[in-house]
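Mind docking chain B on chain A? Use the hints.
The chain contents come next:
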Amino acid sequence: MTPAEVGAALIAELGEGLASVSGGDRWSRATVDVSPSRWVDALRCARDALGCDFFDWLSAVDEEFRGYGVVAHVWSTVSRHGVLVRTVVSRDDPAVASIVDIYPGAAWHERETHEMFGIDFPGHPDLAPLLLPPEFEGHPLRKDFVLAARVAKDWPGAKEPGESQVDTSSRRQPMRPPGVPAPGEWGPA
Amino acid sequence: MASAGSVGKRTVGDLPPRSRGVIALFEENCTVCMLCARECPDWCIYIDSHKEEVVVPGGSRPRQRNVLDRFAIDFSLCMYCGICIEACPFDALYWSPEFEYAEPDIRDLLHERETLRQWMWTVPVPPAHDPMGEPAKEQAAAARRRQPG
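Just so you know, the protein sequences line up as chains A and B, in that order.
Each residue of the first sequence is one higher than the one before, counting from 631 in this note's numbering.
Each residue of the second sequence is one higher than the one before, counting from 41 in this note's numbering.
If you're looking for bench data, these hints aren't it; they were derived computationally from the structure.
Predicted model, so just to flag it, every value in this text is computed and none were measured.
Do not take every clue at face value.
Label-pair distances were calculated between CB atoms; the ranges are [claimed, not checked]:
(1) 165(B) - 734(A): 52 to 60 Å
(2) 671(A) - 162(B): 53 to 61 Å
(3) 82(B) - 796(A): 13 to 21 Å
Calculated from the model, a selection of chain B residues having no Cβ within reach of chain A, i.e. all distances over 10 Å [stated by the list, open to error]:
(4) 54
(5) 80
(6) 98
(7) 129
(8) 139
(9) 142
(10) 145
(11) 149
(12) 153
(13) 165
(14) 170
(15) 176
(16) 180
(17) 183
Think of the CB as a built atom: it goes at the ideal place given N, C-alpha and C, for glycine as much as any other residue.
In isolation and in its complexed conformation, chain A is listed as follows:
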């Protein structure tokens, strides 16, 4: 089946969803967007109706105003086709049902997504942190998480050609790379 056919088959089985094709050439993949309430059903259909027996990975994307996109990639080792199943959860109180009952291998992926984005997976047996040290605060892969190291260290590219010190008196603001807050905005003093 072509990626487009795989996506259409999943939508036909599930009864809802938006199919598209991601990537190109050998890497094109059926991509199906579903609502969070049908997340578990979509993955169950992918496993049972499409024969996707191999769970590849699950993660999230911080899509700012849209919310957090949760993506799972599953693959059929027999038919050699795969699906990227996607959903979007709201930024305030993000949660989507856990899929460990369908793919037990998703347990660690959901733990990592929970600690990196703060998304809850009700139904998961133990959402303990996986990679970060216990005293770490915050969810690092969120787009509003400030990289403290970048605020503390002066950007070497802020100097103009022919300068050894950043000239803060004559210019309005020294150049800063995108995403790094101004010294007054964030951090101590």
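Relative to the frame of chain A, chain B by itself:
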């Protein structure tokens, strides 16, 4: 059966072409445009410079040129992405396949101008172009000029 000493240890000569070992700086080509320092995702290139006037005899006014005071790359931060080498418009940065520069003290992984210059002498000749590949932009443009229309 191969002897134990010859299996496994690679030397620089065995490496594939375009292997990324360390970054070398050819100072003569550097105009201190700061593009490498700005594009580096790890902020590991430190450049200091000043401007000097060059009086051109018989010229209208003295020109200014940038003089490099300090060019350092911190290889403890570098992720070997090569963006600095791709960004440099003047071909002052090169990949070298040398990889044996581990240090017991992490601060010695900050290589200054002199060290980066020494790496230049290990930069290999670029590999020949793929005969089946697309021609370089310059070749295509020259071919178009020779046969207009």
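We went through each hint and held it up to the structure:
no. : hint                        : verdict
1   : 165(B) - 734(A): 52 to 60 Å : holds (53 Å)
2   : 671(A) - 162(B): 53 to 61 Å : holds (59 Å)
3   : 82(B) - 796(A): 13 to 21 Å  : holds (19 Å)
4   : 54                          : holds (31 Å)
5   : 80                          : violated (7 Å)
6   : 98                          : holds (25 Å)
7   : 129                         : holds (12 Å)
8   : 139                         : holds (25 Å)
9   : 142                         : holds (24 Å)
10  : 145                         : holds (20 Å)
11  : 149                         : holds (16 Å)
12  : 153                         : holds (14 Å)
13  : 165                         : holds (31 Å)
14  : 170                         : holds (20 Å)
15  : 176                         : holds (25 Å)
16  : 180                         : holds (24 Å)
17  : 183                         : holds (29 Å)
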